[in-house]
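J.: Dock chain F against the given chain P, drawing on the hints supplied.
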Amino acid sequence: MHLLAWRPFLDPMDVQSIWFVLLIPTAFFLSMAYRGVRLHKLDRYWLAVLAMTIQIIAAIVGLGAAFYALIEWFLPVIVPMKPL
Amino acid sequence: MASSPKQSDSLSGGVDVLAGLLALVFPGAGHFIRRERLRGVYIALGVLGLFLTGLLLGGIDAVDSREDRLWFLGQAFVGPVAFAVDWTHQSQFKAYDPGDLADPPPTGLRPRSAYPGELRERTNTSAGDVWVWRPNAEAPTAEPPSRKGLAKVNELAALITTLAGMLNFIAIVDALLPGRVVGRG
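Heads up: the protein sequence lines correspond to chains P and F, in order. The first sequence begins at 1 in the working numbering and counts up by one. The second sequence begins at 1001 in the working numbering and counts up by one.
Bound-form chain P, shown alone (with noise of 0.2 Å):
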């Protein structure tokens, strides 16, 4: 698909090989209505919106990475495959 031809709200972006970088407005705008609804005094509500989205995305990203690890470097130790 050509960027020219995108139309917005009716076609897909092209962003399938930057994917990974959604996981930024997707946080930070869950963080906005969660800590909308949770806090109970709103004076430090920007703060608490920075501090959540940072600690999704820190959260997430560990999660990718500790599955790296484990797919790539531990199963290989524990089960290793035997040569065809």
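None of these hints come from the bench; they were simulated from the model. Where is the CB? At the ideal position from N, CA and C, for every residue including glycine. Among the clues, some could well be false.
[As the list claims (entries may be wrong)] Okay, derived cross-link-like pairs now, EDC-like style, lysine to aspartate or glutamate, Cα gap no bigger than 20 Å in a straight line: (1) F:Lys1152 to P:Asp43; (2) F:Lys1148 to F:Asp1068; (3) F:Lys1148 to P:Glu72.
[What the hints assert, rightly or not] DEER-style ranges, computed between Cβ atoms: (4) P:Val79 to F:Ala1127: 55 to 65 Å; (5) P:Gln55 to F:Phe1093: 16 to 26 Å; (6) P:Ile57 to F:Leu1045: 38 to 48 Å; (7) F:Trp1087 to P:Gln16: 23 to 33 Å; (8) P:Phe9 to F:Leu1070: 18 to 28 Å.
T.: Chain F in isolation, oriented as in the chain P frame:
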């Protein structure tokens, strides 16, 4: 046993049916009507921002009650906005093959080709009255009504729009049961 301050605070608000209904109609409206206006605005921005991000990412195909019914169950909690997007998708943009629809099609739905420069039309043939395709002579290079999302983009768009619905569900419950648990959240 005496209840803790947290528990008694969370249970003391009763049920605010009007706020709950308004929160269902439009994200944040339940809190807005309860004079928690800034909170309502934040909830609306968060829920609708998430929903629109998903829609921008996956296109209108991200909301599809016929093809992705389970996802739509979550998206529906965004409220009439989600139903309006779905109706617009089904009746104005979604491409249907004749075999996909009952004959005659449900009101507002008609066979529509996903391919540029192609039309569906009802034609009387030897096999009876059937839908056939013909080249769109008026606009041979016309764009398709909309494009389907594929792979990760489609999955993420469905996930993000459904997340918006799930978050609004939390906001609806919070508007319905106004007692707020004191804490950092």
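J.: Checked against the structure, which of the hints given earlier come out wrong?
T.: 1, 3, 5 and 6
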